[in-house]
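Number of protein chains: 2
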Amino acid sequence: MSRPLAVVLLSGGMDSCVTAAMAAQTHQLALLHVNYGQRTEARELRAFREIAAYFKAQLILEVDIPHFRRIGGSSLVDPSLEVEDYGQVGEGIPSTYVPFRNGLLLAVATTWAEVVGAEAIFVGAVYTDAPGYPDCRPEFYEAFQRAIDLGTRPETRIRIVTPVIHWTKEQIVRKGIELGAPFHLTWSCYRSEDIACGLCDSCHRRREAFRAAGVPDPIPYANPDPSEA
Amino acid sequence: MSRPLAVVLLSGGMDSCVTAAMAAQTHQLALLHVNYGQRTEARELRAFREIAAYFKAQLILEVDIPHFRRIGGSSLVDPSLEVEDYGQVGEGIPSTYVPFRNGLLLAVATTWAEVVGAEAIFVGAVYTDAPGYPDCRPEFYEAFQRAIDLGTRPETRIRIVTPVIHWTKEQIVRKGIELGAPFHLTWSCYRSEDIACGLCDSCHRRREAFRAAGVPDPIPYANPDPSEA
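Chains A and F supply the protein sequences, listed in that same order.
Using this note's numbering, read the first sequence as starting at 1 and increasing by one per residue.
Using this note's numbering, read the second sequence as starting at 1 and increasing by one per residue.
One thing to keep in mind: the hints can contain errors.
Reference listing, derived: stretches of chain F covered by chain A, where coverage requires no fewer than 3 residues with Cβ under 8 Å from a Cβ of chain A [to be verified]: (1) 55-67; (2) 94-100; (3) 113-119; (4) 130-143; (5) 151-165.
Hints are computed from structural coordinates only; laboratory data are not their basis.
Cβ atoms here follow ideal geometry from the backbone N, Cα and C, with glycine treated the same way.
Can you build the whole structure from these sequences, using the hints too?
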């Protein structure tokens with residue numbers, strides 16, 4: 001019997017790449033990438049395509065949602081705002097929070113999952129060891145699950161699966177190594193599209209995770225790791 | 001003191017037009033239209049623009065979400081499927097149901113509402129007197145409300161308002177007449193973009209509503225009303 005199908009939201013970063021590797025243990029993959037006007041959109045799309053080829057995905061969908069760039073509200077989509085260095089990120093919600101972005105990504109994933117008959121949506125959201133974006137909270141995913149149950153056909157069954165939501169970034173690296181996840185194809189930097197800056201919050205947390213896991217990060221950085229100075 | 005801002009999902013049909021008229025009683029309007037590849041997309045967009053001009057909306061946003069046409073799953077977005085006449089619509093969910101469409105529209109509305117500081121999202125969903133799309137159920141909106149509460153900034157407060165969800169189409173027509181809603185600018189037909197067919201489920205229910213309310217429908221139809229034969 002063939003494996004059931006799962007939609008995986010794959011940004012091209014390390015968390016979603018490891019999530020895809022976990023989904024691949026039990027499911028056929030329907031990989032979904034959304035271009036939402038983020039600064040490193042082109043580089044993330046390249047990472048998505050290379051990772052999708054690596055996993056030999058059953059289905060692939062790329063969706064453009066350009067309105068974020070027009071409405072702004074986040075340094076990740078508004079070029080006039082600055083993406084802070086790791087050390088400059090203060091308390092509260094970082095400037096890189098994109099309003100209800102994960103809600104929108106889940107909604108897109110649900111439309112596709114219902115059409116192709118996927119029984120799950122895998123999301124690589126991380127809450128415990130992450131900057132505290134509200135749309136990464138476990139309770140948010142529980143609420144969205146209920147919206148899916150009520151807002152789709154009665155016979156449709158789609159589970160949201162967030163396998164790494166309570167993990168540390170170090171645990172995610174270790175799981176990825178165990179499963180042979182293609183970290184060399186992933187892209188995490190919030191700022192740059194050629195060589196990862198190594199200084200933004202996302203680069204910093206990635207480097208810290210590899211260091212803690214005791215394995216080398218296979219991608220190059222433009223700047224030395226400030227934590228190793 | 002100026003009125004608070006409300007995002008209104010405005011398709012260009014009569015239900016959302018009356019909903020906008022109701023929102024205008026208490027709020028400044030941020031009118032949102034989503035082109036999702038529906039058959040009558042261009043005609044609905046024209047209706048949206050004319051209605052937005054009529055209401056002198058404070059803010060206007062048009063968003064393109066073209067992936068539905070690629071993934072299919074509904075006669076409303078897939079030209080190879082037929083939109084049935086009223087009499088041909090059977091039991092269950094009609095072919096015009098677009099998977100989780102309202103979930104996606106709400107997610108887009110939430111992203112915008114959070115950025116512009118709107119305190120409400122008005123949606124002209126009708127459940128009681130409508131074809132039974134799952135994403136028009138009151139419980140679906142309650143669940144989505146919770147997803148919004150949990151998936152946005154702690155200080156963000158956005159209420160979903162569905163003022164006509166339990167109304168008959170006749171009640172909606174009467175309320176629109178009372179508030180001076182511009183029915184002559186609205187578009188309801190699922191099939192045609194020049195003259196409304198008058199035979200699809202959406203045309204049929206609109207004509208029936210005007211007849212029941214005892215007022216003339218200001219738009220012309222290509223076919224006589226079968227109910228009057």
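Right, here's what the structure says about each hint:
With 6 residues bearing a CB less than 8 Å from a CB of chain A, the stretch 55-67 of chain F meets the requirement of three and the coverage assertion stands. Counting residues of the stretch 94-100 of chain F whose CB lies closer than 8 Å to any CB of chain A gives 4, so the stated coverage by that chain holds, three being the minimum. Given a C-beta distance limit of less than 8 Å, the hint that chain A covers the stretch 113-119 of chain F holds, as 3 residues qualify and 3 suffice. For the stretch 130-143 of chain F, the stated coverage by chain A is satisfied: 6 residues place a CB nearer than 8 Å to a CB of that chain, which reaches the threshold of 3.
With a cut-off of 8 Å between beta carbons, the stretch 151-165 of chain F has 4 residues touching chain A; three or more are needed, and the interface restraint holds.
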